[in-house]
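**Q** As a plain string of letters, each chain reads:
Protein chains: 2
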Amino acid sequence: MLIVQKFGGSSVADAARIKRVAGILAETRRAGHRVVAVLSAQGDTTDELIEKARELCPEPGGRELDALLCVGEQISVALMALTLESMGLAAVSLTGWQIGLSTDDRHGAARIRCIDTARLNRELEAGKIVLVCGFQGIDDAGDLTTLGRGGSDTSAVAIAAALHADRCQIYTDVEGVYTADPRRVPEARKLEAVGYDEMMELASLGSQVLHNRSVELARRCGVELEVCSSFVRAPGTLVTEPMERTALSGVAKDADIARVTVRGVPDRPGAVLELFQLLSRADVNVDLILQSGSPDGTGDLSFTLRSADAAKVQAILEEHRAALGLRSFALDPDAAKVSLVGAGLMDAPGMAVQMFRALAEAGINIRMIASSEIKLSVVVPRAEADKAVRAVHQRFFANES
Amino acid sequence: MLIVQKFGGSSVADAARIKRVAGILAETRRAGHRVVAVLSAQGDTTDELIEKARELCPEPGGRELDALLCVGEQISVALMALTLESMGLAAVSLTGWQIGLSTDDRHGAARIRCIDTARLNRELEAGKIVLVCGFQGIDDAGDLTTLGRGGSDTSAVAIAAALHADRCQIYTDVEGVYTADPRRVPEARKLEAVGYDEMMELASLGSQVLHNRSVELARRCGVELEVCSSFVRAPGTLVTEPMERTALSGVAKDADIARVTVRGVPDRPGAVLELFQLLSRADVNVDLILQSGSPDGTGDLSFTLRSADAAKVQAILEEHRAALGLRSFALDPDAAKVSLVGAGLMDAPGMAVQMFRALAEAGINIRMIASSEIKLSVVVPRAEADKAVRAVHQRFFANES
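Chains G and X, in that order, are what the protein sequence lines are. Counted the way the working numbering counts, the first sequence spans residues 1 to 401. Counted the way the working numbering counts, the second sequence spans residues 1001 to 1401.
What the hints contain is simulated information worked out from the structure, not anything from laboratory work. What you were told as hints is all true, and nothing was included just to trick you.
Computed list of lysine to aspartate or glutamate pairs in EDC-like fashion (alpha-carbon distance at most 20 Å, straight line):
| no. | chain 1 | residue 1 | chain 2 | residue 2 |
| --- | --- | --- | --- | --- |
| 1 | X | Lys1019 | G | Glu55 |
| 2 | G | Lys19 | X | Glu1048 |
| 3 | X | Lys1019 | G | Glu48 |
| 4 | G | Lys312 | G | Asp334 |
| 5 | G | Lys190 | G | Glu224 |
| 6 | X | Lys1052 | G | Asp47 |
| 7 | G | Lys19 | G | Asp173 |
| 8 | X | Lys1312 | X | Asp1256 |
| 9 | G | Lys312 | G | Asp256 |
| 10 | G | Lys387 | G | Asp334 |
| 11 | G | Lys19 | X | Glu1051 |
| 12 | X | Lys1312 | X | Asp1283 |
| 13 | X | Lys1019 | G | Glu51 |
| 14 | X | Lys1312 | X | Asp1334 |
| 15 | G | Lys19 | X | Glu1059 |
| 16 | X | Lys1190 | X | Asp1386 |
| 17 | G | Lys19 | G | Asp44 |
| 18 | X | Lys1387 | X | Glu1361 |
| 19 | G | Lys52 | X | Asp1014 |
| 20 | G | Lys19 | X | Glu1055 |
| 21 | X | Lys1052 | G | Asp14 |
| 22 | G | Lys52 | X | Glu1048 |
| 23 | G | Lys190 | G | Asp386 |
| 24 | X | Lys1019 | X | Asp1173 |
| 25 | G | Lys52 | X | Asp1044 |
| 26 | G | Lys52 | X | Asp1047 |
| 27 | X | Lys1190 | X | Asp1173 |
| 28 | X | Lys1019 | G | Glu59 |
| 29 | X | Lys1052 | G | Glu48 |
| 30 | G | Lys190 | G | Asp173 |
| 31 | X | Lys1052 | G | Asp44 |
| 32 | G | Lys312 | G | Asp287 |
Partial list, computed: chain G residues near chain X (C-beta under 8 Å):
| no. | residue |
| --- | --- |
| 33 | Ala15 |
| 34 | Ile18 |
| 35 | Lys19 |
| 36 | Ala53 |
| 37 | Glu55 |
| 38 | Leu56 |
| 39 | Cys57 |
| 40 | Pro58 |
Beta carbons are placed, not taken as given, at the ideal position from N, Cα and C, and that holds for glycine.
Work the whole structure out from these sequences, hints included.
**A** Encoded structure:
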């Protein structure tokens, strides 16, 4: 098999951890597989480089920050190659530009265009363990670029797709994808497999195992992902497109949101548009939006946002309330979103009733409800978020564990 | 003018020094010149990277050590570009491979083949201060290489030659080339100019301002060098081919040598050859060699070497003395070489007499004498080396200062 294995910054943070990862790579190679490893920068290297830049430039960015940050992964792959060589294994380190990972020129958030697999295939055919810098590429001008958030996961998936790898394993500090956060919900169960869509909902809802960008790319390219642990040798979770979807995947929590309720939104075209235009110009990302009409010709509007943006939104609403013709507004900065994720939600409307009952029995007041095909979310007070996750998890997953 | 300016590791060691160098670059640019700056890795970065590698691999080297070490200069040039940008100056950082600095594949000691000036010229024409990683290149396989000792100076000279630059300035922590080490000889005088040959003799004899490799390249390509200080704004020393050579350039000291005297070398062809073959196989570099015949059919032989190799040579001589047919040998591990350098030595044999008289008057015992066209060297006890330098300097340079 040809296997792409991706290791994040904490997995290569120091000499001991590099040796542990080298052991995983050696084991895979000795089992007869061809191996490409995609590595991130060690531990805090990226932050340290940014700190160095800040001493010299108030707002480092663009081409030169990318040129600086690219050294992080270069250090990781060269150290790993030296480690494998000292273990008697043939290895070679390659940068983003050396594997021809071509991107657009959006420095700091570049998008991958294509990968020239000639060098990768040559090294694999020579029997080498190939160590590739994640997170980085090269643009048409020959300048270094970085891929931004989730970049190394995305590199790994793109390389797996370009090489038609049999599997792409994402090594993390958790053992896989769980039905709920195992640190908060002791009875949470590791999933053997999860669909791409459900994985994306779980990721965007705060389970933080895989970045959505890489999952989306994996789905589009048909790359089978496996989330597994750098520290515990055990089967992880497969992220794939199942023939038949499992009913329910898990309960996710996003404890970092604020909720705004606006009363008396004028019932004319554009009133809501104007409000959201103001928020968009201020770089505020709005998540859930609910609107209801009212007999007196005005309506009520609720929406959620990142709690970090709460103060900014408060100021915008105060400044523009009169001009927008809003009667009043209230902002709750301490909300959380709890979501039940699973393809089974499509076919079983009864599940919503069960979820609300579980929350009611736990004494939790629901502030907002939103649903999509594979997700049912409720907004609750932040202080009750963990209790809500446990109640919902207990209701839907207790029998299976 | 097009000026190449090279700054070593101590000149860019921290944020304050990077800002100082940025000031020099800005000043040169604002004076209307086009500027290419060649930078080394910051301070101890290279040693720190080697230390990291040693934690994982007992003897790091080859392709992967080069891949690791190349990040050092990459950090320097990116930080400098960010600094210049924050000062409102257009700048661009370029790696060795981005300027197409092509080398052979001798990792750790690569030789430059050629430089593709297209990118350099494009950035210069755009008015940018161009910041280039010294010490590094790329081989035909697309792998990173490093140039080894004196690499950044050599990069700067090669770039100056490829671009037909008007001048190549080497910034160091001294103000120029002196008639003797100014830390030891207070009356030492800064030279306005020195010939390439004399500079190479001064460098190889321990004045350590410029690596010989870069001076040799500068001579071959006709690049005019200027040695100047990163810390003091003053004219430095020009290294060039003068129309008429100055008589004497300076007094150099190499305090780090050992001297071997062998008695009773058999007077047959090959006896000396065998000895030096043994030393060569053990990687011992021999410097001065003197041999004298003797009426009994044997001869005496003296030679000097780096004092770091003394123990190794002692062991070789003990093991092979009988087989080589040598009567006896003595090793003095604490010797020093003091040399008078200047083209004038060619035409004035009387200078040797003056030098020996100066040393005799200072009560210094000469152990060995060797001379070339532009150099007259004596080996003296290490403890008397500084006194010898002062005595010779006083005799030949006192009148001029």
